[in-house]
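These are the residues of each chain, in order.
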Amino acid sequence: MTKTADIKPYLRLERYPTIWCAGCGNGQVVGAFLRAISTLDWDPKKVVVVSGIGCSSRASGYLNFNTMHTTHGRPLPFATGIKLANPELHVVVMAGDGDTTAIGGNHFIHAARRNIGITMIVFNNGTYGMTGGQCSPMTGHACKATTAPYGNLDTPFDICKLAEAAGATFVGRGITYAPVKLESLITEALKHKGFSVIDAVTQCPTYYGRLNKMGSPADMLTWQKEHVISLEKAASLPKHVIQDKIVTGVFVKDLRPEYTTLYRRLHEQCGEDDCHD
Amino acid sequence: MTESTRLMQGNEACVAGALYAGLSFFAGYPITPSTEIAEILAKRLPQNGGKFIQMEDEIASLAACIGASLTGAKVMTATSGPGFSLMQENLGYAIMTETPCVIVNVQRMGPSTGAPTAPSQGDVMQARYGTHGDHEIIVLTPSSVAETFTLTVKAFNLAELLRTPVILLMDEIVGHMREGVSLPGEGELPVVTRLVPVKGMKDYLPYRADKNGVPVVAPFGAGYRFHVTGLFHGEDGFPSNKPQDIEYLGMRLHKKIENHKDHYSFFEEYLTEDAEIIVVAYGGTARSAQAAVESARSQGIKAGLFRLITLWPFPESEIERVCSQARAVVSAEMNMGQISRELERVLGKDASLHKVTHIDGTLLPPQKILLKIQEAAVND
Ligand SMILES: Cc1ncc(C[n+]2csc(CCOP(=O)(O)OP(=O)(O)O)c2C)c(N)n1
Ligand code: SF4
Numbered sequence: 381m382t383k384t385a386d387i388k389p390y391l392r393l394e395r396y397p398t399i400w401c402a403g404c405g406n407g408q409v410v411g412a413f414l415r416a417i418s419t420l421d422w423d424p425k426k427v428v429v430v431s432g433i434g435c436s437s438r439a440s441g442y443l444n445f446n447t448m449h450t451t452h453g454r455p456l457p458f459a460t461g462i463k464l465a466n467p468e469l470h471v472v473v474m475a476g477d478g479d480t481t482a483i484g485g486n487h488f489i490h491a492a493r494r495n496i497g498i499t500m501i502v503f504n505n506g507t508y509g510m511t512g513g514q515c516s517p518m519t520g521h522a523c524k525a526t527t528a529p530y531g532n533l534d535t536p537f538d539i540c541k542l543a544e545a546a547g548a549t550f551v552g553r554g555i556t557y558a559p560v561k562l563e564s565l566i567t568e569a570l571k572h573k574g575f576s577v578i579d580a581v582t583q584c585p586t587y588y589g590r591l592n593k594m595g596s597p598a599d600m601l602t603w604q605k606e607h608v609i610s611l612e613k614a615a616s617l618p619k620h621v622i623q624d625k626i627v628t629g630v631f632v633k634d635l636r637p638e639y640t641t642l643y644r645r646l647h648e649q650c651g652e653d654d655c656h657d
Numbered sequence: 016m017t018e019s020t021r022l023m024q025g026n027e028a029c030v031a032g033a034l035y036a037g038l039s040f041f042a043g044y045p046i047t048p049s050t051e052i053a054e055i056l057a058k059r060l061p062q063n064g065g066k067f068i069q070m071e072d073e074i075a076s077l078a079a080c081i082g083a084s085l086t087g088a089k090v091m092t093a094t095s096g097p098g099f100s101l102m103q104e105n106l107g108y109a110i111m112t113e114t115p116c117v118i119v120n121v122q123r124m125g126p127s128t129g130a131p132t133a134p135s136q137g138d139v140m141q142a143r144y145g146t147h148g149d150h151e152i153i154v155l156t157p158s159s160v161a162e163t164f165t166l167t168v169k170a171f172n173l174a175e176l177l178r179t180p181v182i183l184l185m186d187e188i189v190g191h192m193r194e195g196v197s198l199p200g201e202g203e204l205p206v207v208t209r210l211v212p213v214k215g216m217k218d219y220l221p222y223r224a225d226k227n228g229v230p231v232v233a234p235f236g237a238g239y240r241f242h243v244t245g246l247f248h249g250e251d252g253f254p255s256n257k258p259q260d261i262e263y264l265g266m267r268l269h270k271k272i273e274n275h276k277d278h279y280s281f282f283e284e285y286l287t288e289d290a291e292i293i294v295v296a297y298g299g300t301a302r303s304a305q306a307a308v309e310s311a312r313s314q315g316i317k318a319g320l321f322r323l324i325t326l327w328p329f330p331e332s333e334i335e336r337v338c339s340q341a342r343a344v345v346s347a348e349m350n351m352g353q354i355s356r357e358l359e360r361v362l363g364k365d366a367s368l369h370k371v372t373h374i375d376g377t378l379l380p381p382q383k384i385l386l387k388i389q390e391a392a393v394n395d
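Line by line, the protein sequences are chains L and V.
Taking the numbering used here, the leading residue of the first sequence gets 381, the next gets one more, and so forth.
Taking the numbering used here, the leading residue of the second sequence gets 16, the next gets one more, and so forth.
If we strip away everything but chain V, and leave its shape as in the complex, we get (with noise of 0.2 angstroms):
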């Protein structure tokens, strides 16, 4: 360890992340294992003329930080699967309303009150599909403590550039594991905000949309006069149930996500140049997973990992490429098979593909994404 090398663990990495990239309001409600976020930002926001406030609840806590990004601040909520399926209905509303807010799912093993302390990925689908209507989200997902800290830099800085809500979406694992890191400086790594109008705009339109198919808002109290609402709108803000006003939000709010692909589309290969078999894995999965192609290669097996990092929208094309050279995959994950689904969307029902699912509340062991490493190189 070098001497800025801190010993810290992802919940206390995502704060320092947030912090980083300019978190000055944060409402929670406390749920393991995500509370250390809500704890540490309860001591550090009043130190820096931030706020912090614990809610009544998950639903109520959404919506104070939606209400306080509409004055312009940069905000974020942190719970885990009870609160977020609370929040599922004003999450559709920051997408509505394109307010920019940062949503933390630090996962753990569900349905209902499940094993509070238990690892799991159970929430994928749910973090994709979870609040009702039609929409694109961006969800990304750390691997490692060092990874936390800057994936929190990377969703404000997209929740800002897009006004959306993003979702970081953490499993225990990561969330409690310490690991040392040494954090960038100030500068070090970019951060944005969100534009804001000019002064005394004549015919300002709130939710027109620029070139890249976003609105530049302006804050609450900064002059300008508008209308926020969860129906569909016009570009005034204001109701409207005409077919083609419909139309044109819907889309629009799909596009800004789909065509900002390069903004967002994170992965990481390892070894996979000349690999045979490709697992693909991604958070805490992918510590075993990286380990078991390790044993792999160590056996002859020319075995290579494909982490996700961006988990939605989903990324299709590098899938593609990187699988389609290999024999087998071999998709790791703790639950029941979320991606696993979407790997056979992209790959087709003839593709070779070996789940490994787990969902007995430990960690998934090397051994078992080894086993099914081996039944592919032998199978196929």
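Bound-form chain L, shown alone (with noise of 0.2 angstroms):
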């Protein structure tokens, strides 16, 4: 961690405050992210941040990068075009779970699955912030939403699992009380060439831990720091131990070709053979 890292230069501090309540994770993310970005020589003129809708997805507008608030569910496919059409430029994408996981779900799986140069970051708070408080694919079952009064009957993703299923070459998880370890997750990811996710577990206070009695925002991190367990150890415990863990760690590390890469050879093929007719 670059505890000195200074990363005002890359917000826009003149539209703060942010739309955020307080004690939300949401910062949290944009910290770690900010962080890991400040550590890599890219100039912020080619950095892209393409958000969705919701809470999260305002971290877009606060960011001094070139910025994208889209659609609800969106972001991967304008993200997308943007990487294609200028390969150069560095493209994140940050969005909420329900944007990525539900009414995105399918541009998510596609995206991992062509492998494109963009890292994801899904800011997980296991419910829809933005609309207050409804049931998300990421709501655990039996949790309080105010779409499902009873409890959840729904079983969440696992988003890990879903991006390696679908192709992603970078998969990795973190935890908001856990700052530093998210950072150098993040900072991995962006590294990464070809489609990088990061499930950054976070915390909405107002919806999901009023609704299911979590307590305050701190004591929201406790319940985390008391229910997080590393792939490492996870690894050697039986399933039902780990079954209502956050387990945390690199889940995948492939090297596939990356599709913009492969649409420049297709380009160099076009050139020199017999893409003509």
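Simulated from the structure, these hints should not be mistaken for lab results.
Misleading hints may appear alongside valid ones.
[Unchecked claim] When the alpha-carbon atoms are kept at most 27 angstroms apart in a straight line, the in silico DSS-like pairs for lysine-lysine are as follows:
no. : chain 1 : residue 1 : chain 2 : residue 2
1   : V       : K214      : L       : K425
2   : V       : K383      : L       : K388
3   : L       : K426      : V       : K214
Two chains, each in its own frame: build the complex with the hints.
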């Protein structure tokens, strides 16, 4: 961790205060991202942050890069257009768990399948914050939401497994309780050539916390601390022990040709040989 | 046919027009009867350094186009009814964020999956009002293969000039028809490319409009860092919910279209000068209408054709000018009367308006229009 990292140049401080509630984890995820990006010698003019719609997706507006706040669930296809049209840009997508796995679920698996060079940071608070605490595909079974007043009947996704199965070549999970680890995960994800996914488990005290009687923001972080387990430790434990734990770490780190690289090769091939009829 | 004349399908002419206009990025999802556009571009774009991508659906297709356009690329997507329905939300996003793009809808018969290979003009109102919220939109509709080419070029030019999505509303007849066309050479048709800000501008405001009411938005990566959002925003691009900002932007988006009428008011008149009966038709149907007008003339009925090329914004003053001279107006379209309702609005309830509607999935036959012309000639 670059404790002294000056992240202010990356922020549009004139846009402050943010719309986020006190104790919301969104700022912690953004902080980890900015500290991560500050360790890379990327020209901010070549960085594009694309977000969807939701509390977390408002992050783009506060960041001093090329930024784009799109439609609910769709940041990945917008980002895909940006990256494919101009591969020299560093493209990062930020969106909520609802945005990513519900309305945008299809785009998520296809971006992973294509292995396009985009880093996707999922702000996973297990609920729809923006619209007031409804059920998300990441709301735990039996947990409460305004649209699951008797407890959620569904079972949530495991975002990391979903990303892996769909073909993402870098997949990691971190928590807001452990911002240093989250930062280094994001750094690795940003450096990765291919589609990289970070499941950033965060807290929404205002809705999820209140509806599920989880106490203060600090209590929610304590809950994270009590439930977190590293991938290495989890590996040696039986399934039932880890099933209600948050397993963190790097799940996938693969090399597979990145989409825009393949496209460049296609251009070269078309320039050289028999693409022309 | 001359040496340079080629037999070409409407969809192929659309591709040729797009490439002529400088298309460098296409994202799409296959759907009859537009698929040839994607297929031809999948082959052509990589040959000239452009990008083609087949997305997971039409929502993603338009999203990818908008993203690419914001990096400076000239972009297009092509679809038909069901896919066009899926594009509506992001169409509004393109309007709001003033992102140039061309959306081709080769209409097929709906609702729903309908009759995929049957000609129809059922999406006229969807093209106008399909995305939510008050908005203006430019919709162009070609009647021939050659016109598909030129209108595609014009669609790009308008999108670039006004920084707005432009819809090319084709129909299955024109999309799949083959005609001999001789394509204009380089430089014969004007090609417009959006303005970009000069380098190193101080206090750059991405959404400050120039004298034309159009902002000069920098491409991503060019050095200006700014924010793009579908929320109402100020000239700085950042969200605003101040009533004055909302009204200003809303009005500007309307006016920038309204005020450029002379750039996109396209229509064609055929034998209208002395016409007592005016047939109003567009797209593939205009071909039947022309045949009907010719038959009527041969029978001594003074009929003429007003062919709409720009459907939206509706060319009210031209319609008024041409139709007010006539005894009766016959509208002909392959739907239940979408444009005829507009005619009624413009000409007034008392005008003698005869509607030819057609929804059996076949081409509207000239005979059906001729019958209405004859009826009007006798009754009015
Ligand atoms: C097409 C569409 N459907 C619904 C909405 C309403 N909506 C806005 S944000 C949101 C969910 C937000 O949840 P999430 O993506 O998890 O982000 P969070 O607010 O929790 O950060 C919904 C349903 C919308 N804007 N667009
Ligand atoms: S509602 Fe929840 S997610 Fe949204 S800002 Fe407040 S705490 Fe954060």
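Here is what the structure says about each hint:
Our distance criterion of 27 angstroms between C-alpha atoms is met by V:K214 and L:K425, whose separation comes to about 13 angstroms. Between V:K383 and L:K388, the direct Cα distance comes to roughly 71 angstroms. Violation of the 27 angstroms bound is thereby established for this hinted pair. For the hint linking L:K426 to V:K214, the alpha-carbon distance of about 15 angstroms falls within 27 angstroms, and the restraint holds.
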